[in-house]
Amino acid sequence: MTATTNAPQKKPQAAWIPALMIGLRLLLICAVVAGIISFVYAVTKPKAEANLRETKRIAISDIFGMENPDFDEDNGFYTVRDASGTVGYCVESTAAGFGGDLTLMVGYSADGTIRGVRIVSHSETPGLGARVKDDPAHLGQYTGKSGTLKLNKDGGTDVDAISGATISSRAVNQAVNQATDVLTKRLAATSGGDAQ
Amino acid sequence: MNKFLKQMKEGILDQNPTLVQLLGMCPTLATTTSVENAFGMGMAATVVLIFSNIFISLLRKFIPKQVRIAAYIVIISGFVTAVELLMQAYFYSLYQSLGLFIPLIVVNCIILARAEAFASKNPVLPSAVDGLAMGLGFTFALVILGSVREILGNGTWLGLRVLPESYPNMVIFLLPAGAFLTLGCVIAAVQKIRNTVEDRARLKEAMAKKAPAETKAKEDPAQ
Chain A
1 MTATTNAPQK KPQAAWIPAL MIGLRLLLIC AVVAGIISFV YAVTKPKAEA NLRETKRIAI
61 SDIFGMENPD FDEDNGFYTV RDASGTVGYC VESTAAGFGG DLTLMVGYSA DGTIRGVRIV
121 SHSETPGLGA RVKDDPAHLG QYTGKSGTLK LNKDGGTDVD AISGATISSR AVNQAVNQAT
181 DVLTKRLAAT SGGDAQ
Chain B
1 MNKFLKQMKE GILDQNPTLV QLLGMCPTLA TTTSVENAFG MGMAATVVLI FSNIFISLLR
61 KFIPKQVRIA AYIVIISGFV TAVELLMQAY FYSLYQSLGL FIPLIVVNCI ILARAEAFAS
121 KNPVLPSAVD GLAMGLGFTF ALVILGSVRE ILGNGTWLGL RVLPESYPNM VIFLLPAGAF
181 LTLGCVIAAV QKIRNTVEDR ARLKEAMAKK APAETKAKED PAQ
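From first to last, the protein sequence lines stand for chains A and B.
Each residue of the first sequence is one higher than the last, beginning at 1 in the working numbering.
Each residue of the second sequence is one higher than the last, beginning at 1 in the working numbering.
Please note that a few of the clues may not be correct.
Chain A side only, calculated, beta carbon under 7 Å to chain B, not exhaustive [what the hints assert, rightly or not]: (1) C30; (2) F98; (3) I162; (4) G164.
What the hints contain is simulated information worked out from the structure, not anything from laboratory work.
Here the structure is a predicted model, which means the values were calculated and not measured.
Heads up, the beta-carbon is just placed ideally off N, CA and C, and yes, glycines get one too.
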């Protein structure tokens, strides 16, 4: 008799405790994984940022053909100088690509024409979108151009998109145009009242 | 040792993850535009497969059966993210060439499939070997696809020109449509080879069965 009256009391306990244990184990796994990732992130962050800075420095020295470029940075706007004075500007710009943010550096001569474009970081698909970076002829199309540019595919006459990588090509074009806008505004602001 | 070889053969040929199991089609189709990309993707996936199999195998008794898939996904994506962060900090040039494949690896179902089908039921060492075998099978399939597509679509192999300059590049092989065409043909070819090998093995077996019976028959009257 006592056994049968005890049984219904035990049963609900037996049902929800293992279920809770399952949940707790999953929680534990998630917590440990999250802990590891945040630890690795905290440890690697300064190094990763230093790597990114180095990539930008290389991009600038590449665009301006200088071994050790001397430049000032102000919030993504770089003024590049040599012994004789300002030789040009570099603007960092980000647009949404196919796989995530696409960040590039656009170098300008002092008169505002593009000297070169280098992609700093991106997450486009290898073999498709990533060709905007891997195919040197694509970024080369921007050299010597100025003003707002449009892809030929979108009715412009400036830049050919890479076939199979329209979205990535558009992202590059958009980022370059944003950079040109930034440059135009900065130059207007620094030349101040006398220009207007 | 025999078991090891058998596992390797399974991974590369009999149970090839791409050509036989048809897993991981997204990275297969997307990254085989050149041999270099195919090889990079294959190697990165191999490393991740080996380690994810090891982790899952170590934890196989701790992970509750009812929520195992969720646990695998958390472990695999956590591991892959940690690897990406470490590469970004300490192997930056490697990150620049292989880093792009990493987000694609997280969603590669070969890794989840091996965790579920193998690592969750086997000890650590066989699981690691399984990861290696499946990874190499994946790399092998990708390199074949990449070779066909790069040669036909660009006239080069690993960046070296193999077809004459006058060869008109069949760009379709570099586009997604070409990926499907090539994949279909390669799968068909591999199936044909496997079937031929199987037929031969069966024929051999049948002959072997017949042969002792004959020798027995010959021996019998002598007795």
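Check: Which numbered hints turn out to be false for this structure?
Finding: 2, 3
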